[in-house]
Structures are given as C-alpha cells and as structure tokens.
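J.: Spelled out, the chains give:
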Amino acid sequence: MMKYANFPGCSANTTGKSFTISTNYVAKKIGCEFVDIPDWNCCGTSAAALTSPELAVALPARSLAIAEQKLPGLDVVAACAGCYKSLRTSLVYARKSAENLEQVRELIDMPYEATTDVISLLEAFSAPEAREAIAAKVVKKLRCLKVACYYGCAMVRPVEVCDFDDPEDPQSMDELMALIGAEPVDWAFKTECCGAAQQMAVPKEARPMIERIFQNAWANGADCIVTSCPLCMLNLDMREAEINKARIAAGKEPFDIPCYYFTELIGLAFGGQASELGIDIHFHPAEQLLQKRAQDAIELEKAEAAARAEEERRQAELAERIARKKAEKAAKEAAAAKEGADVGKEDAR
Amino acid sequence: MRAIDLSAITDEDLQACAAIAAEAGVDLKDCYQCGKCTAGCPLAESMDLMPREIIRFLQLGDLETVLTAKTPWICAQCDVCSTRCPQNVDICSTMRAVRLASKHAGKQPVREADIFDDAFIANVKSHGVSNEQYLAAAYNLKSGHLMQDAGNAIRMLKRKMVGVAVHNSQGRAEVAALVDRALAADAKRRADASGKGGEA
Amino acid sequence: MSRIGVFLCYCGSNIAGTVDVEAVAEMARTLPGVVYVETNKYTCSDPGQEGVKNAIIEKGIDRVVVGPCSPRMHEPTWRKLLADTPVNPYMLEVANLREQCSWVHKDKAIATEKAKDLVKMAVAKVARLSPLHSTEIPVHKKALVIGGGIAGMQTALDIADAGFKVTIVERETSLGGKMVMLDKTFPTMDCSACICTPKMSEVGNHPNITVKSYSEVESVSGYIGNFEVTIREKAKYIDYTKCTGCGACETKCPSKVINEFEQGMSKRTAIYKMFPQAVPSKPVIDAEHCRMLQEGKCGVCAKVCPTGAINYQDEDKLTTETYGAIVFATGYKLIDWKPLYPEYGGGKYPDVITGLQFERLVNASGPTEGHILRPSDNKEPKSVVIIKCVGSRDPNKGKAYCSRACCMYSAKHAHQYLDKVPDGRCYVFYMDVRTPGKGYDEFYMNTVHDGAQYLRGRVSKIYKEGDKLICKGEDTLTSQQVTVAADMVVLETAMVPADGIDELAAKFTVGRDADGWLVEAHAKLRPVETNTAGIYLAGTAQGPKDIPDSVCQAGAAASKVIGLLNKDKLESNPQISRVNEALCQGDGACANICPYGAISIVEKQFRENSRKVTRPVAQVNPGLCQGCGACTVTCRAGAMDLMGYTNESIMREVDALCQW
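Protein chains in written order, with the working numbering: chain A, 37 to 385; chain B, 35 to 234; chain C, 82 to 741.
Isolated chain A, as found in the complex (with noise of 0.2 Å):
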C-alpha cells in the first residue's frame, strides 16, 4: 500500500506551487496517498547547518518526531531536495550513537526513536509498485521529448546520509521518464549543483553554475531539463532569462530551455492538462515545446503507422510469391511424377 507522512516543505504553497499540485495529481491517480505530518516545521535547510550544528539536528528533529507519534508507521516523504536532505541528515545523526539520540530528544523535548524512515518523492514514485502503477496509468506517451533528467546534489549526497542513487550518474528519475515515453539524454551535469540559496546570498559567484546546467544539457541535445526539487527549479526556471540576457549581451546564443517538474510530466502522460499541473505557470514558455513534441510524435505515429504497412505490404507480397512458387512447383513435380508413372508404367510393359 502506497501511503506516506508528508512533508511539504515550506515553498509548497509558494514557489513550489507547481510541483504540489502535479504530484496530488499523480497520486491520486496512481492511489498513493499523502498525509500532512500535523504542525510541521521548517527543516532549517542550510541555514541551519551554517548557524549551529545543534540546530540542524534539531529542526528537523522535531517534525520527524511528530510524524513518528501521530503518524506510526508511515515513511516520511520530503519533495524538496533541501528538506530531504536536512531531515535525513538530522535522522542519520539520531541513529548513529545512543548518544546522539538522547542529545536530539533533549534539543526538541519530545519523545523521539527516529525509527521513522526519509525517503524523497522521487523515490516513493520509483518503489516497484509505484512504477507498476504509474505504467499502467500512461494514456499519452511523451515521444519525442529529450529530457535531462537533473536531480541536483542534495538528494544524492553526501552519499552516507543519502543512500539513494549513484551520486555521478542517477538513474530513478530517467527510468521515470523512459516509463512515460520520453527520451532521457545522456549529460554530464545531473548532479551539479544549481547554488541553492547561494544565488540570492552571492548572486555573481553563483550564477554561473546555472550557466553551465543549462549549456551541458544543451550541448547533449536535451529538449528541456526534468527536476525533482522546487528550488533547483526555481533556481533554472527563473534565472534562465536573465542568465539569456546576459549571453545575448556577450554575443551568444540564448538557450531555450523550459523545465518541468518530473511529476508534471507524468502528469501530462496521464492525459492531464497543462493548466491542470501548473505547467502554465512557468517562467520560461512550457507549453509549446510540449504541443510541438506531442505534433513531432503525432507525425512520427504516423510514420510509423506507414512504415508498419508498408512492411506488411512487403511480408504479404512474398507470402504471395511464395506460395506461387510453391504451387509452380509442385505442379511441376506433379507432372513429373505422372510422367515418371507413365514411363515406369511404359517400363513395365
């Protein structure tokens, strides 16, 4: 049964609009069910880390703590990368030492086992039923769409905390995409990181490091960049027209480059409509790569379509020959045979 502790995450209503509303659409159709962990609170994100290591532990402490009271049973599930991240470093922490846990059970003054596990949205929509499931929901597949999955670094390192993926080379996220009809390219930057709240503390330094997301996708031929995380896409979604700015300003070409959300993606195989998702509201334009890719794979269906006819034409037509030939022939032997009998027959006499 698929039914999870959720963890929203405090850009949910916000800046993560988008990717909330895809995945209850997800979810509903698929039967996975999401509760709210009751009273939840912000993880603390790197902030935290970067002001105490106390209150990085104790943060998330507190949430995990509540979900494992009022929710038994249930692994919680973080969409956002930062969140997953910070609760799992605080839940490894807890279970390290005996130690370490009576320290977090002080910080938060609460009862506390951290029996409760993490895991990210990506890999609750990867688990083998998941899969099953959302295989069987695809009415519209996303042919022709070259998507580069990017998964960013907090959900792959660091690798003790994390122990999901390969933190060089992920692949969750591309089985997803292949098991909708899309098309993963093979690139180089999954897991670079996109500078997370560093593009608001030091924007100069850490623009850049978008810069060259954007350029490897587009070097390898992707369409468009997949997330799993609303502020790696906040960070590419948002900054992609001024970071074009700039290029144009420099003499080179602008990318253009939408990203989506993987759930609205899966979504939008399901039959699920732009609006439906949130993909409308987009910084970059997200809608017409899709209608031209959805055009491109109408037009690649239909030939397709011919070329299966055409071959069936081909199979049909020797079919035919052979038979002709067969026929001829043994109208041959036939014949020769009779002949055969007459002489034999002559012989005798």
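The set of hints was computed from the structure by calculation and includes no laboratory data. Being a predicted model, the structure only gives us computed values, none of them experimental. Please note: incorrect hints may appear among the correct ones.
[Stated by the list, open to error] Keeping only pairs whose Cα atoms sit at most 25 Å apart, straight-line, the calculated PhoX-like set for lysine-lysine is:
#: 1; chain 1: C; residue 1: K549; chain 2: C; residue 2: K460
#: 2; chain 1: A; residue 1: K240; chain 2: B; residue 2: K141
#: 3; chain 1: A; residue 1: K281; chain 2: B; residue 2: K192
#: 4; chain 1: C; residue 1: K187; chain 2: B; residue 2: K63
#: 5; chain 1: A; residue 1: K53; chain 2: B; residue 2: K194
#: 6; chain 1: B; residue 1: K63; chain 2: C; residue 2: K478
#: 7; chain 1: A; residue 1: K338; chain 2: A; residue 2: K328
#: 8; chain 1: B; residue 1: K159; chain 2: A; residue 2: K240
#: 9; chain 1: A; residue 1: K64; chain 2: B; residue 2: K222
#: 10; chain 1: B; residue 1: K159; chain 2: A; residue 2: K106
#: 11; chain 1: C; residue 1: K414; chain 2: C; residue 2: K588
#: 12; chain 1: C; residue 1: K315; chain 2: A; residue 2: K182
#: 13; chain 1: A; residue 1: K288; chain 2: C; residue 2: K549
#: 14; chain 1: C; residue 1: K545; chain 2: B; residue 2: K63
#: 15; chain 1: C; residue 1: K187; chain 2: A; residue 2: K132
#: 16; chain 1: A; residue 1: K53; chain 2: B; residue 2: K141
#: 17; chain 1: A; residue 1: K182; chain 2: C; residue 2: K588
#: 18; chain 1: A; residue 1: K182; chain 2: C; residue 2: K460
#: 19; chain 1: A; residue 1: K132; chain 2: A; residue 2: K64
#: 20; chain 1: A; residue 1: K53; chain 2: B; residue 2: K159
#: 21; chain 1: A; residue 1: K240; chain 2: B; residue 2: K176
#: 22; chain 1: B; residue 1: K222; chain 2: A; residue 2: K132
#: 23; chain 1: C; residue 1: K246; chain 2: C; residue 2: K187
Given chain A, put chains B and C in place with the hints provided.
T.: Just chains B and C, lined up with the frame of chain A:
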C-alpha cells in the same frame, strides 16, 4: 603575496585549526593536496582561496588566513568535493566548520551570506516555517541590495506564488523555544571547548 | 637438574634503550636451574657468538635461553650456533626482547618488568624441552613456474640453463603475459615485442622447459622438495601433434569475438591464436563462441585444416607430477576502474581509455596499425589528457598504494603521442612524479621537453560536450581551476593482483596481504621466498613493479630454486605434531583443522587390557606438518602435542608468569 613565518604560528592557532578539523570530523594529515576538491568545485572560480588551500592553511596552522577567507562563505555546501576525495577528507564539512569559527570570531568576509542565514533563521523562529517573500525582503533590507530579484518578485506575484499573507506554523512558539534551546546548547559546547583550550 | 645458560642482548640501543638489561640479568641469576647469565652488546655478532659457545663449553650448559630480537629474525642463527656445541639445537628458547618488548614500549621501568617476565617464561619452558632430531627428505630436481609472463619466463630460463627441468603453467593460450602487449619499454624505448618474443621462443624451444599453455593448477599436496601438483590442461580442440600453425582455420572461422589481447578494440575469431608471434604458435578453439561446439553446426575449421588437427571431442586433461620447488609468477591485471570512477564517465565514453589500450593503439601490429586513432570515430586526437594514479593512491575508490610503474609509462605515453602526432597537445595530470631508476628522471625530463604539459593535480570530472571530453582539474602549482577540452583521455590505472590468485594462493598456503599481493617471507632479507618452504615469488605477483625489477626478481627466485634443487636431501623440521595414541579418540577434529592436510585417521591395532583392539587414531605426515599447532588446541582429548612447544612446556611458561 606575503611570506609566512611558520615559527611565528602559535600553539593556540594550531589548536584552533585542530578544533575546526575535529568539528568537521576530519584528520588534516590525510590530505595530500591533490586538488581534486578544487577541480570539481562549481564555485572555485569565484573563491579567493581554493578549497584545497583552505585545508593547506589549516595544516599549517595559519588561522587568520582561514578565518578571513571568503571561500567557506561562497561554498554552496554541495558536497561534491567530499564525495570524490581520494583520502576521504570531508572538505564540505570543513568549510562549514571554518565558516562557523569565522562567524563566532566576529569575522564576516562575505557579509551577505551571513545576513541571509541570520534572516532565514529569524524568519523560521518567528513563524515556524519560512515565508520566502518576507525572507527576501528582510535580506534585501539588511544587505542593502534593495532591488535584488525585484523583477522576479513581481513575476512571482503575477503567478500567485507569493502574496502578502504570512504563513505560520501552529507550533511556532515551540519552534522558537527549540531554536533558543539549540543555540544555547551550541553556545555551551563552544564555551566548554574554549575553556578546555584555555586550560591547555 | 638442568644447567641453563641465559644470554641477554643489548642490540646496541635497540633493546638497552628501553630495557635495563643488567637488571634483567640480575633477576635471571636467581631463577631455578640457571647456572650462567651473560649480557652482550651484540650477541649475534661473531665475537658475541664465540662468547656464547665458549660459555656453553666452560660452564657445562645443557640448555640455552637467549634474549635478543625475534625468533623470526635470528632463531636459525642460534640453532646453527648450538649445532657446533654439545647442546641439541632445539634445547633453545628465544625471549623476544626487541620486537615484543623494547620496540613497542616507551616507559623503561615497564619494559624492564616485561622483559623479566619474558625471560622467566623462557627459562621455565627451556627446562622442559627435550632434544629433537631432524630427518632427511629427498628433493625432486624439477621446478614448476606458475605464469608465463616475463617474470615466469626469465625464472624458467635461468633454472633450465642451470640444468634442471622446469614446467611453466600458463593460463592463457600463449606465453608473454602483459609485456608482449606493450609497444615500447622505458627508458630505452626498445620495442617490447622485439625483446619479449625471442624470450618466448627460447622458452618454447628449451630442452629443459615444458610449456603447458591454456592450463591451470588444479590441486597440490606435499611439501618442499616433494610437491605433487595436478595440472588441468584445458581442451584446445586441436591436436598439437598434427597442427602446423598454418592459420588457414582462422581465416575461415565465421564467429567474431571481442579481442581480449587488443583490449577490446578489435575482433578475433573463435578459433584463434592470441597474436601472430604466440608461443605455442598454434591456435585453440574458444568453446564458448564456437558455433560447432555450441550449436553443433559449422565445422568450417575442420574442413579447411590440411592436417586434420581439429578435434571437437577434445576434453580437459589432468596430469600429476612431482616438483621440488614452485615459483609464483602470476602477475597482475589493471584495476577495473569503471565502477569506481563514475565521475570519469564510468566507461560510457569510448575515448576514455586505459594505458594498456593506448599501448595497443600505438603498436604497429595493433588494431590501428600503430596510428593513434581514438576508438569512437577513428580520428586522430589532437588533444590528449593523461591522468595518473587512477585507482592508485586512492583509498576512497581504489588502492592506497602507489603502482610504481605508471609515472614512467605515462611519460612514455606522452612521448609516444607527441612523437606520432607532432601538432598534438598532451596534458599529464599527476600528483607526484616518481622516477627512481637508472635513466628514469632523464626520460621524464625529455618528455617535458617534448612538450608534454605536466599539471600537478587530480582530475575531478570528465564529461562530454559535443565531441570533446572536458577534463576539470586543478593546477595546484598556480592554484587555478583548469579545464582541457580533450579528444581522448588515457587513464593510467592501478595494478592489482591477477584474477584467481586468491584460490591459487590458498591451495599452496601462500600468504596474501590486505590488497591481495603474495607476501614475501621478509621484505628485506627474504624478498623472493614465501613463508611456505619451497615456494618462491617472481614479478608482480608480489606487488607492482616494472619490467627491470620483475626480471631482477625472477633471477633471484631462480637462484633460490637452483640452490634448493642442487641439494640431494633436505633436513626436515622436527618441531611437528605427535600423536599420543593412548589418548587419541580418532574423532578427526585435528585432521579437519589441519591447513596442510598433514593428518589422516588410520585404523590401528592395540593391546588394551590384554585384549587386541582395532580403533581409529590420528597419524601425522612429518613431511607435510608445518608445526602450526592448530591440531593441539583442537584436540579435546589432549592427544596432540607439538614438539618444541609441548602442552606441558607452555603450561610451565604460564606458571612462571603467574607464580614466579
């Protein structure tokens, strides 16, 4: 450029560098300066010292250089350095530990980064959750970058991603108490450590 | 009453620096049975030994305790000394005051107390020892060399030239090992094939050498001078007595298989010779890929063979022979870097190749006939990055050790590339340049003058943009992040032990280190011997090394073998297990635990309570027993006793430690 007088490096400096490494769970002697951390760092081109050099100055005991370096403040904590390090040196955690040591020593080589984190934690402390629009506003005010992302704010408003309403967690008082408790524990640990260092 | 002499050593300041040797001597004088105590600055020196001998005779000493370094180091020295005196060489106990005392302690008071305890124990034990006598064992004057690479071939040739018979077992279908894959050899740049293939044919034609190619060791028993080894010669499906090596079969075989010798960069047929100069110069059929052997149809090779040498019914053959000595020359392989370095593409970029692939690319008889063309599109790379220490000096992903030869062969690769592609650029990422060898550093500096750009730093990531491989590194000498858009990348990967060495070493009870390399008996003093008597090491089986060092070691191993085979008889070690048949229950626990297969259970007749009874008892083969003592602690009845380390003498040591 300057020359470093290694004999002028004090025992206290060496101990402080060792304490930073200990907080990061790192044995500085493991690092053989291959530079793979710098090579893969997505922000190295904007740093004043390469990540490798931060480790090197810690090895030398040059505390002042380490605490005033911008590098740990520019670091995005993406952990690619630690993941690929042949000697299993956790460079990323070292950056964090240096940054905290620098903060507690009252240095702010990159003011904006410090202001952002403080604004973030203040936001969480008052609401239990982070309200991105107020975080951005508070950051812009405090850092003096008043117009940063102003265009984007308008784009967000248009898309109804943000509004004026403040979101509050029901347990925000609990969260505020938790933040205070954690910061007090942090302060106590630091005081104990420096007490010990003083005795030594 | 025994008359014990105690001889304590200062070992210069090695022992005396941490142990008050005179205080220990003072204590020793009070111990029961001790009639004489002497201290010496260097007991093992000639005058030191002379002094011990004189004291033994003058004082009428009948058993001896020495307190010097470890028995591993000098026990043979003391035994030899005693053989020149009336005292039996086994009436000796070594109290290890150096390795197990002075070297591991800092506090002199504590170390001195411990030294006293060690001497007490030794005195208690030596009082309970009985004289032991060795017996003679014969030596089979024939050697087995495992591995037919340059080290194995050199060992075999040296032994054979000394007049002894040698068998080489080679797992592959030809002699030559890794060396024959190489293009040129540093620092002189001789053509590798030109110096390796003559050795191969010399080995193949030597009257004293038998080459068993495509063969592996199946099992082994016995001991020094008398190893009984069974060798499995894999089915070649070709009758070598008929085959002339004409090669007609190879030209007609329809099955195409990835060519291992060319490092996967070309195809071979299912019936194949590894390479044109192979020894034996005859093909084998790779059964797994042969259509006839797999599907029962084809048979083209049999049709074209002019001598009727093809035999599809061929089977593996087992032969057993006795050898006096064995040499492990099992070599190395390159580490499989692909799963370890996803940041270098993990194998998905065909133009990221290994050093051995580069050797084939640059070789005139390789897949590109010596033109440096990159695998993906057969274009000449105009920019090549060479990365050293891939898998070496990388405890996180690979091995902690330095692979020793890579600095030189990467310099060679850079030199060869710049020689063949004069308008090309070559960048070498290194951590250190290690060139200790004759003419080695000069060679490296020449490569720098050829124009190779050396950059001190490890590459963090290789990724593709367009048809370029972007390499991101740091030039740590200028503290700058650097990128190179390369056309081809050569990874100089770590050496690791050859496949299957774990099982093979276990069969011969040869030790391996944590990385799997075979362990020498002593790094400095017995570098080519193993801890199993009669088994020797040559080449990279022992650890990474280059060709000159491998050949050197091969000669050294051969000289040890020749020394052994020159003897007609050997003295056996009398410190072996003995069965007290009256106590033995015959349950076989000892036989099960014995790592050398030295114990068997036999039915024996006894007279008990004046009746004849037949019951099973353990029997120790004195030739096989290595005296490890595992059986003595396993035997519940206490029927097993190790001579020289009897249960009683050990108990007396414990008594001395606790009660004296």
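J.: Against each hint, give a clear statement of whether it holds in the structure.
T.: Each hint, compared with the structure:
1. K549/C - K460/C: 12 Å, holds
2. K240/A - K141/B: 21 Å, holds
3. K281/A - K192/B: Satisfied, since the Cα-Cα distance of roughly 21 Å is no more than 25 Å.
4. K187/C - K63/B: Holds, because 24 Å separates the two Cα atoms, which is no more than 25 Å.
5. K53/A - K194/B: 9 Å, holds
6. K63/B - K478/C: 19 Å, holds
7. K338/A - K328/A: 15 Å, holds
8. K159/B - K240/A: 29 Å, violated
9. K64/A - K222/B: 48 Å, violated
10. K159/B - K106/A: 23 Å, holds
11. K414/C - K588/C: OK: K414/C and K588/C at ~21 Å, within 25 Å.
12. K315/C - K182/A: Roughly 50 Å between the alpha carbons, so the hint for K315/C and K182/A is violated.
13. K288/A - K549/C: Roughly 20 Å separates the two Cα atoms, so the pair holds.
14. K545/C - K63/B: 35 Å, violated
15. K187/C - K132/A: 36 Å, violated
16. K53/A - K141/B: Roughly 38 Å between the alpha carbons, so the hint for K53/A and K141/B is violated.
17. K182/A - K588/C: The given pair, whose Cα atoms are some 55 Å apart, is violated under the 25 Å limit.
18. K182/A - K460/C: 28 Å, violated
19. K132/A - K64/A: Answer violated: K132/A to K64/A is near 36 Å, above 25 Å.
20. K53/A - K159/B: 23 Å, holds
21. K240/A - K176/B: Judged against 25 Å, a Cα distance of about 18 Å means the pair holds.
22. K222/B - K132/A: Holds, at about 22 Å.
23. K246/C - K187/C: 53 Å, violated
The structure fails to meet hints 8, 9, 12, 14, 15, 16, 17, 18, 19, 23 from the earlier list, while all remaining hints are met.
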